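Protein chains: 2
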Amino acid sequence: MVGKYTENDLRAVLKEISLLEENQALLGWDSLTGMPEDAAPFRAELLSYLAGKSFALQTGTEYADMLTYFEAHPAELSALGQQLVIHERKKYDLNAKIPTADFIEYQKITSLAQDAWTKARAAKDFSIFAPYLAQIITYKKQFISLWDQGSTTPYDVLLDQYEPGLTVAKLDQVFGEVKAGLSELQAQLAHGEAPDNQILSRFVAKQAQSDFSMELAQKLGYSLKKGRLDDTIHPFMEAMNRNDARITTRWDEHDFQMAVLGILHEAGHGLFEQNISPEFDYTPFEKDMAMSIHESQSLFNEVIIGRSEEFWCNEYPLLQAYTGNTFADIDFDTFYRAWMVTKPTLIRTEADPLTYPLHIIIRYEIEKAIFNDDINVADLPALWNAKYAEYLGIEPTNDLVGILQDIHWAGGDFGYFPSYALGHLYAAQFFDAMSKELDLPAIFASKDYTPIYTWRKEHIWQYGASKTPQEILLLASGETLNPKYWLALQTKIYSKVYRLA
Amino acid sequence: MVGKYTENDLRAVLKEISLLEENQALLGWDSLTGMPEDAAPFRAELLSYLAGKSFALQTGTEYADMLTYFEAHPAELSALGQQLVIHERKKYDLNAKIPTADFIEYQKITSLAQDAWTKARAAKDFSIFAPYLAQIITYKKQFISLWDQGSTTPYDVLLDQYEPGLTVAKLDQVFGEVKAGLSELQAQLAHGEAPDNQILSRFVAKQAQSDFSMELAQKLGYSLKKGRLDDTIHPFMEAMNRNDARITTRWDEHDFQMAVLGILHEAGHGLFEQNISPEFDYTPFEKDMAMSIHESQSLFNEVIIGRSEEFWCNEYPLLQAYTGNTFADIDFDTFYRAWMVTKPTLIRTEADPLTYPLHIIIRYEIEKAIFNDDINVADLPALWNAKYAEYLGIEPTNDLVGILQDIHWAGGDFGYFPSYALGHLYAAQFFDAMSKELDLPAIFASKDYTPIYTWRKEHIWQYGASKTPQEILLLASGETLNPKYWLALQTKIYSKVYRLA
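Sequences listed follow chains F and B, in order. Using my numbering, read the first sequence as starting at 7 and increasing by one per residue. Using my numbering, read the second sequence as starting at 7 and increasing by one per residue.
These are calculated hints, taken from the structure and not from any lab test. This structure is a prediction, so every number in the text was calculated from the model and none was measured. Among the hints, a few may not be true.
You can't tell identical chains apart in this list, so a pair holds if it fits in one copy or across any two.
Taking lysine-lysine pairs in the BS3-like style, the calculated list, with each CA pair at most 27 Å apart, reads [to be verified]:
1. Lys231 with Lys463
2. Lys490 with Lys473
3. Lys21 with Lys114
4. Lys59 with Lys10
5. Lys21 with Lys59
6. Lys498 with Lys185
7. Lys231 with Lys212
8. Lys463 with Lys147
9. Lys96 with Lys393
10. Lys231 with Lys147
11. Lys130 with Lys349
12. Lys225 with Lys393
13. Lys442 with Lys176
14. Lys502 with Lys349
15. Lys498 with Lys97
16. Lys463 with Lys125
17. Lys96 with Lys473
18. Lys21 with Lys231
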């Protein structure tokens, strides 16, 4: 008996979708790095054509029919094939459950909202953006009721889309611990000895920054045979495929820390992409990674390694070698303490790794208030400002440096912010698990980080999106998400830097 | 009454073909400028997918049906629509007239031939390549008989594919005049005073070369809002659309002339693309320009402007300004004479603009011998060497610097070489026509080349591929191809440089 479809049919559709996405990724990368400015309208036309092709493939009735067929005949598929069908069904339903007219209207509103957000920022006035935000929220609540398959709270539905299996109950507990622990640590640091970080503004030429940063990134395993570095205003990593994961950065010759940590960060994303198992080529498992786990790998590079005393005490001489006499008068201790200064900021993207999670917790609590407690949109700025005053001890003087700072809500991206904080927590939990298996002090002393690279490849990267972050974390560390590793690490590090007794 | 197809249907197919070509152009550009080396197999897969899409569109029965319909109902199309149908029919038949099995076999043989050519080059031995070349020629002769619609000679069929309307009879006359005129001029130059070009090997930093060359290119009208410059081993221009025509170059800090003239050359190609009329967007007329007319525009920049005494006598101070004291001791006359040294070479791509056409004439005569006189492939190297000895006064010492230097024949590209020489001749004929309408001495003195830019845009670039080179030439200069303009210009220039009485 011959079935209506074979696994090859499924893989052929997935391959075509992958090829189009690879193509779109390159066009996107090019738009931000190389494209002449007048080419924008032509590029928009081409992207729209390709998006149409891709959309037609993924939402077509033939594809739906194929998924339905295999759901009824799973035995005709390999284990991977079955897993792909489950994964694709979830994606398919996300769009298919929304009436087309509503989807189109919603797209239009998010587009208008992004314009309104820009105008509101110029005027530093949230009320310009508020009516659009209210409409987005109304649609989103309607969609939640369509998507919901028995979640405890409405916001759980959104969380699950970005972080499969994560719940409000779990996040309340996790973020609660983080908030309490951080509050305690910050109270202690206030009595500590704050370092001076003036030396970080010394002139370091762009070329030296680039050479040094790329040497570090490559030592951590980022391959330039499968990547490259370009300049952009907003740094990012874009992967076409596992052999083409490109990073970008920006430069300030009087703030070299920005490029060093920025390059380590993007190279961390690149490492993940470059090391996904080839068995997932041309499947969604090569590209549908949750943002939290992806961010855990960029942050592992940037924060776990890039802020580690053990790492820097061995690599500081390399920085000195790349920068002539610039830091000849600065001993390691002075350098490292400058490197680690922490200070609350109003802007999330300028936050240091210690205060960063607080920015996310504020957004998480507000999103919960929106979807679970139906708070009024007009009341959001006051809530925002009050939480900044309470958690970070500083209060926005206007909406631009307050509630208007992120574009996410204008695009309807609710439930996404927590991933940024999860990345920090996962990275620390991975590091703890790794430290139980590897002789990290010896590895840092050797300056050969191959065992760290190998551990990460084996426990994290190879899986791509074939496992959820929660599954990867459990396999690698033996337990579910536990914020104590992050808190313990930060407490240890900053207590020393701030010379607490 | 409603027709089977409307002009919109035709334009929609043409637009999709154009979008795919634009996309493939960007992938090609990226492969040569930015792509990490390990990405090659993934890129090949993507290109093959897109080529398949494009091929299916252009050779599909629906498209053929559409062309046939409009050939029967031309009145249902605008004038542009009718012209597009004629253009597309010619392209369609080129492939459609060849039996599929033969086409596939031919593709295979050209692929093998290119490998054999590479091996033959390594061994400097034409006989390794000869059997593949013989097979290609056999196929090509068969195809000619299928394509032929009453040409005078078989080789006319090939010429017409690259240069519509051009014939062996015309080229024999044109190239005959060039050969005779050049022979006479070279005999005179042998008695002239050869300049010393040692100063051209003085060190000029890459950045200074780039800044200077790009300033010149932009003065001639190349727009960086619609283009950019990158480094490659083999310089080229690649256009995605009229607002995205990118150029590349290579650098030698002890031979700055290479990059200056190379950038002017590629910017000339870019100028053509950037200035095609928007009415041809998303039609084949934005991209099917004959190589001869395209090359006439790169050569106009490189040779007509880039070797002009009037141009350099005004721009040499700019070069001096960009290069510190490097040429402070060199007066203009010494500089310009060094710039213009001419010397026969064995390699076509290293030839100066005076001897270049001879390389092409040799190839033209050999191709004619192959297709019109059925010469034996085994006899080609001897014929090649004899012609180099006769026309250029130097003889290849092996096949690598002789008949194996060009890849064209390995790809089956016969009839293509003449375009390179036609570019030189057209450029000079355009320049002569322009000089009758513009006050060129005043323009060069002003260093504002806008009138030249405007003339070229109006008489050449705007048409894209909507007119043949012969039509454009006739409209712009009032006569058909006439080599006397090129000969007169070269004679005037080199007689002065070589201080003939």
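Indices of hints not satisfied (ascending)
Hint check: 8, 9, 10, 12, 15 and 16 fail, others pass.
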